[in-house]
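As a plain string of letters, each chain reads:
2 protein chains.
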Amino acid sequence: MLEKGLVFMSDTRTNAGFDNISKFRKMTTWDTPGDRVLTLMSAGNLATTQAVVSILDERSKSPEDRAPSLLAVPSMFQAARMVAETLREVIDGHANVGQRASSTFHATLILGGQIAGGPPRLFLIYPEGNFIEASEDTPFFQVGETKYGRPILVRAYDPEMGFEEAMKLLLVSFDSTLKANLTVAAPFDFHFYETDSLEIRHKGRIEAEDPYYNDLSQGWGDALKATLDSLPDYTME
Amino acid sequence: MLEKGLVFMSDTRTNAGFDNISKFRKMTTWDTPGDRVLTLMSAGNLATTQAVVSILDERSKSPEDRAPSLLAVPSMFQAARMVAETLREVIDGHANVGQRASSTFHATLILGGQIAGGPPRLFLIYPEGNFIEASEDTPFFQVGETKYGRPILVRAYDPEMGFEEAMKLLLVSFDSTLKANLTVAAPFDFHFYETDSLEIRHKGRIEAEDPYYNDLSQGWGDALKATLDSLPDYTME
Numbered sequence: 001m002l003e004k005g006l007v008f009m010s011d012t013r014t015n016a017g018f019d020n021i022s023k024f025r026k027m028t029t030w031d032t033p034g035d036r037v038l039t040l041m042s043a044g045n046l047a048t049t050q051a052v053v054s055i056l057d058e059r060s061k062s063p064e065d066r067a068p069s070l071l072a073v074p075s076m077f078q079a080a081r082m083v084a085e086t087l088r089e090v091i092d093g094h095a096n097v098g099q100r101a102s103s104t105f106h107a108t109l110i111l112g113g114q115i116a117g118g119p120p121r122l123f124l125i126y127p128e129g130n131f132i133e134a135s136e137d138t139p140f141f142q143v144g145e146t147k148y149g150r151p152i153l154v155r156a157y158d159p160e161m162g163f164e165e166a167m168k169l170l171l172v173s174f175d176s177t178l179k180a181n182l183t184v185a186a187p188f189d190f191h192f193y194e195t196d197s198l199e200i201r202h203k204g205r206i207e208a209e210d211p212y213y214n215d216l217s218q219g220w221g222d223a224l225k226a227t228l229d230s231l232p233d234y235t236m237e
Numbered sequence: 238m239l240e241k242g243l244v245f246m247s248d249t250r251t252n253a254g255f256d257n258i259s260k261f262r263k264m265t266t267w268d269t270p271g272d273r274v275l276t277l278m279s280a281g282n283l284a285t286t287q288a289v290v291s292i293l294d295e296r297s298k299s300p301e302d303r304a305p306s307l308l309a310v311p312s313m314f315q316a317a318r319m320v321a322e323t324l325r326e327v328i329d330g331h332a333n334v335g336q337r338a339s340s341t342f343h344a345t346l347i348l349g350g351q352i353a354g355g356p357p358r359l360f361l362i363y364p365e366g367n368f369i370e371a372s373e374d375t376p377f378f379q380v381g382e383t384k385y386g387r388p389i390l391v392r393a394y395d396p397e398m399g400f401e402e403a404m405k406l407l408l409v410s411f412d413s414t415l416k417a418n419l420t421v422a423a424p425f426d427f428h429f430y431e432t433d434s435l436e437i438r439h440k441g442r443i444e445a446e447d448p449y450y451n452d453l454s455q456g457w458g459d460a461l462k463a464t465l466d467s468l469p470d471y472t473m474e
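Chains A and B, in that order, give the protein sequences. Under the working numbering, the first residue of the first sequence carries the number 1, and numbering increases by one thereafter. Under the working numbering, the first residue of the second sequence carries the number 238, and numbering increases by one thereafter.
For the record, the hints were derived by calculation from the structure and aren't laboratory data. Bear in mind that the values here come from a model prediction, so they are computed numbers and not experimental data. For each residue, glycine too, the CB sits at the ideal point set by N, CA and C. Keep in mind that a hint or two might mislead.
Stated by the list, open to error - To be clear about the criterion: a stretch of chain B counts as covered by chain A if any three or more of its residues have a C-beta under 8 Å from a C-beta of chain A, and this derived list gives those stretches:
(1) 341 to 354
(2) 363 to 373
(3) 384 to 394
(4) 467 to 473
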């Protein structure tokens, strides 16, 4: 959550074991230009998150059935409730019919966006169907493999940063994870939403071979080493 | 594992829930100057790791009973086997009498050192009693809360670094974890073993209020931000 707007980034790797990795988009955007833009990102069981997106998507596509649609809810809070409720229903549905260990169907979602008349808002939605909202004190959320990329976010996040700088920070954070963990991989999808624009302006994908990303990754690695070198060494007694 | 020797660092926080945190040393060293130096670090169940250390310690203190002692084994490999066997026995012992879920008694150990006649060696010992050895390809081990501090190790580790520089890297790695996770906290115990010295030379504790550590933590945070700033921003279309 920045002063300028909301920034989202997700990787595209899913896995069901080391020999079963695939590439799937984990970011979905719904919009009605001039009225609302909503972005959903997911981590966890792919069948669950795809079902949630499909249900929400079908609802938003049939105009006559728009009453319970993300394109019709009056506020971001109601949107979060709808997504959370859908998530809980999908998980419960799987858990009741098949395997009892519902934990394997778990998923966690991040929903952010703006609906005309309200400010941009950002939510973290738990598999149990409850959710929390980002605030000044906790201005960003991560889901999935969060730990490797967190230290740089904690240290360098600044609500006043622009989108160009935010892109750099997010790519560096993802790159730190990538270097240490096989479950996260490029390409990276991004959506940078400008407050009060109520339309999609900056949305796209950074490919693994993207020259900016590769220069950044290399440059960051070199700069980190140089930075560490620049700090005073310990003095052994 | 460095060309200069072996470097060890451990934090001192243990917890059994958020309202039950304590400070315990997680590093133990045994030595016979001129013959051997061994260092053991632990992560996991504190009762288990303390029992392992106590058993190994008692054996190494009674000269008449030295046959199965860490101070008598002929090689680092045999030392690793002895520690691993002790760990497995302690875990099995707890699991058989009390709670069946032996996973709660789990612990993972790092053992490193040198015994006269052999090179310095470094082992990671699993709760099942098996172990692996560090090599050129995998020159360092972490146990416990490993993820936050890993990216900087991956990026900045260099086998040719000296002890003064290694201290800096280890403190920065721990500090990244500290900033993100409540289960890791200063003071930090360290032991830097010089190859072929066969004695303890650099062993001590970095307190939370240590001025070098605090300057480093502050300097690293500032430098990280400056480093990120120095890299080119993304250009939005």
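Which numbered hints does this structure break? 1, 2
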